[in-house]
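Undergrad: Spelled out, the chains give:
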Amino acid sequence: MRKSMLFVFAISALLCSVLAGVVAAETIHEERSKYRDITVTEIGNRRCLLFNVHRGDRNQTCVLVNDKQRLVFDYTRMSFAGLLLNDCPESILVIGLGGGSIPLTFADLFPDARIDVVEIDEAVVSVAEEFFFFEETANMTVYVDDGRPFIKRAGIRREKYDYIVLDAFSGDYIPEHMLTREFLDEVRNIMRPESVLVANTFSTSRLYDHESVTYQRAFGEFFNFKLPTTGNRIIITQLEPLPPRGQLVEKAQSFAGRLEKYGIPILQYPSRLSTRVDWDMSRRQLTDQYAPANLLRDN
Amino acid sequence: MAFASGFCIMTVEMLGARILSPYFGGSLSVWGSIITIFMLALALGYLWGGKLSARKPSAITFAGFFIGAAVFSIPIIVFSDAIMEPIFMALEDPRYGSLFAAIFLFFIPTSILGMISPYAVRLMVQNEAHSGQMAGLLYFISTLGSAAGTLGTSFYFVLWFEVNQILWGAIFTLLLAGLVILVAHYFGKDKRAAHAEAVNHA
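Same order as they appear, the protein sequences are chains A and B. Here the working numbering is used: the first residue of the first sequence is 17, the next is one more, and so on. Here the working numbering is used: the first residue of the second sequence is 7, the next is one more, and so on.
Just so you know, these hints were derived from the structure itself, not from any lab. Where is the CB? At the ideal position from N, CA and C, for every residue including glycine. Among the hints, erroneous ones may be present.
[Stated by the list, open to error] Below, computed lysine to any residue pairings styled on SDA-like, alpha-carbon distance capped at 25 angstroms:
| hint | chain 1 | residue 1 | chain 2 | residue 2 |
| --- | --- | --- | --- | --- |
| 1 | A | Lys267 | A | Asp124 |
| 2 | A | Lys50 | B | Phe106 |
| 3 | A | Lys50 | B | Leu46 |
| 4 | A | Lys50 | B | Gly38 |
| 5 | A | Lys242 | A | Tyr91 |
| 6 | A | Lys50 | A | Tyr159 |
| 7 | A | Lys176 | B | Met95 |
| 8 | A | Lys176 | B | Glu98 |
| 9 | A | Lys50 | B | Thr42 |
[As the list claims (entries may be wrong)] Some chain A residues near chain B, calculated using beta-carbon distances under 7 angstroms:
| hint | residue |
| --- | --- |
| 10 | Lys50 |
| 11 | Asp162 |
| 12 | Pro165 |
| 13 | Pro191 |
| 14 | Tyr306 |
| 15 | Pro308 |
Modelling step: build the complete structure from the supplied sequences, incorporating the hints.
TA: Next up, the structure:
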């Protein structure tokens with residue numbers, strides 16, 4: 017009896033806090049850009065960027081106003097697992113700005129590195145600057161452009177990046193031309209053997225299989241990085257063969273201290289990087305000729 | 007036939023963004039370029055088609071539109087990279103890059119397809135009183151075709167086929183439409199001749 021009372025009490029307390037959270041979420045900025053509705057909300061110390069709220073999208077990115085360096089989301093933190101493969105990038109490319117927490121963290125970690133950020137929506141750039149403490153520096157430049165032509169052009173100019181983050185895949189529409197084999201080959205063009213590619217991708221639906229097959233064909237073996245706490249799946253790979261687990265653990269240990277203030281639990285990551293094939297390998301790879309990503313997602 | 011032309015116009019238009027996106031991305035301006043060029047091409051096609059219909063309208067010319075559009079659609083498949091690469095290199099701004107690429111890839115076949123409707127009106131109208139009704143019917147059928155082409159391509163074809171396979175399908179459809187018109191024309195002529203002969207004999 018007492019136990020059930022306690023349970024009811026706990027549930028109602030939880031409900032109250034959730035409701036309070038909803039009620040207290042204050043919209044501090046709303047804007048309709050060329051591509052989406054952008055909303056900035058604030059609950060206590062937590063300020064969040066949301067795309068297309070009316071369609072029920074999740075938070076795009078959040079910052080803690082009183083602890084700006086701390087990364088709030090798993091997938092943002094997971095994007096730094098690539099450091100286990102390449103720990104001193106001198107040139108970094110981030111496709112998709114969001115609230116800018118990934119490039120800001122890179123800029124803080126590697127002040128001398130050249131960081132190029134590509135964002136298709138100029139409104140996202142100004143919101144990141146106004147509300148999420150993002151700013152360009154001498155070493156960090158934002159290009160308002162589509163990721164694919166940017167990478168294609170960089171390849172033609174024979175530019176290389178040591179660390180590439182593909183994070184253009186959130187929101188409710190998937191840019192299909194950035195999931196194809198041809199695109200990944202263009203990404204390969206701007207990589208050195210030791211460069212690392214970190215791609216934030218979908219972990220649900222039929223698309224997972226197609227996407228995995230495409231990455232496998234383009235790169236061979238890759239690290240599949242998933243956490244039980246998030247629906248995101250991060251693909252981590254490079255042109256040269258993947259390092260053994262022991263080396264990852266060593267790198268994690270050497271990095272743990274530096275990443276602590278961002279809240280990145282890098283010590284937990286090596287055991288989560290898996291090369292096990294857990295997708296249907298008979299699925300067709302996505303190409304410029306065949307990439308019905310948005311249709312596959314619903315099935 | 008009007009249905010087929012409407013269908014093919016929108017099938018190619020829907021695939022246009024797919025074809026351009028490897029070079030110019032998926033930004034809103036790419037869609038803007040494609041729609042602009044299709045609209046301009048159709049506008050000129052209507053004008054030229056109307057003009058041509060005033061001089062000795064014939065089923066053979068009409069069939070020629072379908073076959074011509076099919077033939078001029080082939081470069082979309084065969085030369086798309088050769089056309090888009092120099093444009094991509096020459097123009098940094100994806101807005102103008104996509105605009106020029108859309109002109110070179112889609113303008114000619116689309117304007118030829120635009121000639122079909124006004125020309126068909128001329129061929130089908132028997133008298134002045136019914137001209138508006140006939141034009142309405144043709145627009146109805148061709149726009150219905152456009153709707154079917156749009157839906158079919160964006161919902162299903164891209165899931166079942168590769169882009170080039172769909173394009174070949176559209177080209178084949180146009181060729182077939184042209185041939186059917188030619189066959190019907192000659193077959194019809196024979197029949198008319200036979201009929202006339204029979205009447206003469208009587």
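Undergrad: Each hint needs a verdict: does it hold in this structure or not?
TA: Here's how the hints hold up against the structure:
1. Lys267(A) with Asp124(A): Holds: Lys267(A) and Asp124(A) sit about 19 angstroms apart, inside 25 angstroms.
2. Lys50(A) with Phe106(B): 22 angstroms, holds
3. Lys50(A) with Leu46(B): 24 angstroms, holds
4. Lys50(A) with Gly38(B): The given pair, whose Cα atoms are some 12 angstroms apart, holds under the 25 angstroms limit.
5. Lys242(A) with Tyr91(A): With a Cα-Cα distance of about 9 angstroms, the restraint between Lys242(A) and Tyr91(A) holds, given a limit of 25 angstroms.
6. Lys50(A) with Tyr159(A): Holds. Lys50(A) to Tyr159(A) sits at ~16 angstroms (cutoff 25 angstroms).
7. Lys176(A) with Met95(B): 19 angstroms, holds
8. Lys176(A) with Glu98(B): 19 angstroms, holds
9. Lys50(A) with Thr42(B): 18 angstroms, holds
10. Lys50: 5 angstroms, holds
11. Asp162: 2 angstroms, holds
12. Pro165: Cβ of Pro165(A) sits 5 angstroms from chain B, so the hint holds.
13. Pro191: With Cβ-Cβ at 5 angstroms, under 7 angstroms, it holds.
14. Tyr306: Because about 5 angstroms separates Tyr306(A) from the closest Cβ in chain B, which is inside the 7 angstroms limit, the hint holds.
15. Pro308: 4 angstroms, holds
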